[in-house]
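Enquirer: Chains E and V, in that order, are what the protein sequence lines are.
Position 133, counted from 1, in the first sequence is what my numbering calls 133; the numbers after and before it change by one each time, with no gaps.
One rule links them: number in my numbering = place in the second sequence (from 1) + 1000.
Please keep in mind that the hints were generated in silico from the structure rather than gathered at the bench.
Virtual Cβ for every residue (Gly too), placed ideally from N, Cα, C.
Honestly, I wouldn't trust all of these hints.
[Claimed, not checked] Calculated Cβ distances over 10 Å to all of chain V for the following chain E residues: (1) Asp2; (2) Thr9; (3) Phe14; (4) His18; (5) Leu75; (6) Ala82; (7) Gly123; (8) Asn129; (9) Arg157; (10) Gly161; (11) Asp171; (12) Val181; (13) Leu184; (14) Ala236; (15) Leu244.
[Stated by the list, open to error] Residues on chain E that point at chain V, a partial pick, calculated with CB under 8 Å: (16) Ile44; (17) Ile102; (18) Tyr263.
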Amino acid sequence: MDFLRQLFTDPVGFYHSHELLIAQAGINSLLALSMWVTLYSGQITLANVGFMAIGGYTSVILAIHLHSPLVVDVLAGCALAAVVSVAIGLPVLRLRGVFLAIATVGFGEALRFGVLLNLGITGKGQGLNNPAADPGALLPVWVSVAVVVYLFARLARTRTGVAWAAIREDDLAAASGAIDVARLKLAAFVIGAVVAAYAGALDAHLNFFVDPTEYAFNRAVLVLIFAVVGGTTTVAGPLVGAVLLTALPEIVRGAADYREVVYGVVLILVTVFRPEGIVSRRSFRVRAAADAS
Amino acid sequence: MRSFTQQLLNGIFIGSIYALFALGYTLVFGVLDVLNLAHSAVFMIGAVVAYSLVALHGWSFWVAAPAAIAVAGALGLVIEYVALRPLRRRNAPPLAAMITTIALALILVALVEQAKPGGALAWLWRDGANSVKFPPHTVPNDTFHVGGVTLTASKLAILVISVILMAALGYLVRRTSAGRSLRAVAENARAARLLGVNVNRVITRTLVASSALAGLAGILFGVALSDISPYIGRDQVELRGLAVIVLGGMGSVTGTIVGGYVLGIVEVMALLAFGTNVRAGVAFLALFLMLVLRPQGLLGGAAVERV
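Chain E on its own, in the form it takes in the complex (with noise of 0.2 Å):
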């Protein structure tokens, strides 16, 4: 509990004490937030840390062979995210469900064991050195995390925004109210796909090192649980949840050796008890379904 009491008495001294923590949750709260883009369209994708691992190399590549300016590391790792996802997106996301979610694993997985572990320029799966690493730009993070919120807020909103929960309620209904669906699919996965690679280009710029465990099926499930934890039917949902559960090791120290335990402990009753997530509004269909029975 001294984490706790000391966030609340000591602020600034909390600050100093776990920068690394803080830093953490910001990259988690920018993939969870990646991550719900897709949900809150109606999709489950595990593709994310793969886009992740594409910004995070690209960038640290950049630096290596170019020693271009971060901006122009970041925005390239972006780029070739962009266009990767369009590339996996128009094939993929005809699949539905627990289906997408594990053909974008397998997306994930082959871009680790077939590209990462094997190509020179990745470093074979040794990882590589980022030469510009700066692990002290906690401010960048979370000023990227600000932007992000207050960007899908404002989009949540528009038509765009709108038609997804739209799809995410009954696609059938959404196509026949001439909402392009495929499009906005794809749409939101390639947007997913951008904030994920831009994550993890911060990342690799906040550690020394990428390589390739970072990049793994565990993670890809860590972050969408962060998702769906918080909450997917609004922005803060994902925030609140990455938050809380990077913090959440932490605040049960006391449990030592058995922290996993009741991460998962924890994991469960607030599943159980708030299926919706922590933040959530209940959705339509949840709503008609408990009026019905």
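Given the coordinates of chain E, assemble chain V onto it according to the supplied hints.
Expert: The following block gives chain V in isolation, referenced to the frame of chain E:
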């Protein structure tokens, strides 16, 4: 050529384990439309319990294995009562079940990983995150040489056990009244309930059977690959199991069995042709291509009935 045949056999052995493991995934997915992501942890627990009974408590393998399978089956009850039934009662979205089963898997892996000598779970596991193997001579390990190919008794036994079990499962699902209710629930749970099928009981039984299969697959994996650690489920079979059910067409018993063998053989061939890293990527590439090109599975079309 000799090494090719040998590798082909290895592929078939490992394919049997993939198929057994994935059958459990398929059964639950067929009935509930939920991916039970705790399945890989149950696989691991099966291997760990069998190992602990044999190596730490001196049981005979032939008693330890059924006991470990029973423990795995009991975990099926835990999954149902802790992770799935509370969500069904609250009408939660399907994603919620993924989260609760992942959480259960996290808990099971963490419990084993943290067990050390002198700890509360030392009777179960003492090696933390390390990998161990069954003591030598746990199972008869005679080898036969047939036409230049080496066969070990344990691997042959795996093959025989798997084939018998898969046949039994196929019979159970297609020909018995329990199997009929299972298929009814898979087709339409609501209609099945109206027709007097006890849906909760069918689901509970399915989870117990599926988890027992995972436990058995874990034990066989431990015997055949001499690798037992808290991570074998998560790292070795979880995603491969997904690849197998996709190859099989999600929810088809026959398809899953075929998918298991196909993946086992393809992986071994990839290993032979391109090396280790590529082997690991093959499952995922297969998965991805399959979903994009033939989402209905290898056998495909109307010929495959869902569980």
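Enquirer: Classify the label on Val181/E as holds or violated, using whether its beta-carbon is more than 10 Å from each beta-carbon of chain V.
Expert: 18 Å, holds
Enquirer: Report holds if the minimum CB distance from His18/E to chain V is greater than 10 Å, and violated otherwise.
Expert: Non-interface label on His18/E holds, nearest chain V Cβ at 23 Å vs cutoff 10 Å.
Enquirer: Using Cβ atoms and 10 Å as the threshold, tell me whether Asn129/E really stays out of contact range of chain V.
Expert: Asn129/E is indeed farther than 10 Å from all Cβ atoms of chain V, at 21 Å.
Enquirer: Per the stated criterion, does the least C-beta distance between Asp2/E and chain V lie above 10 Å, as a non-interface residue requires?
Expert: Since the minimum Cβ distance to chain V is about 22 Å, Asp2/E lies beyond 10 Å and the statement holds.
Enquirer: Ala82/E clear of chain V by more than 10 Å, beta carbon to beta carbon?
Expert: 19 Å, holds
Enquirer: Ile44/E was flagged as interface toward chain V. Is the shortest Cβ-Cβ separation under 8 Å?
Expert: 6 Å, holds
Enquirer: Using 8 Å as the Cβ threshold, decide whether Tyr263/E counts as touching chain V.
Expert: Holds: closest Cβ of chain V sits about 7 Å from Tyr263/E, inside 8 Å.
Enquirer: Verify that the Cβ of Leu75/E lies farther than 10 Å from every Cβ atom of chain V, and report whether the claim holds or is violated.
Expert: 28 Å, holds
Enquirer: Checking a non-interface call: every C-beta of chain V should be farther than 10 Å from the C-beta of Leu184/E. Is that right?
Expert: Holds, because the least Cβ-Cβ distance between Leu184/E and chain V comes to about 20 Å, which exceeds 10 Å.
Enquirer: With a cut-off of 8 Å on the beta carbons, see whether Ile102/E makes it to chain V.
Expert: It holds, given that the least Cβ distance between Ile102/E and chain V is near 5 Å, below 8 Å.
Enquirer: Is the nearest Cβ of chain V still more than 10 Å from the Cβ of Gly123/E?
Expert: 13 Å, holds
Enquirer: Are all C-beta atoms of chain V more than 10 Å from that of Ala236/E?
Expert: 18 Å, holds
The structure shown violates none of the earlier numbered hints.
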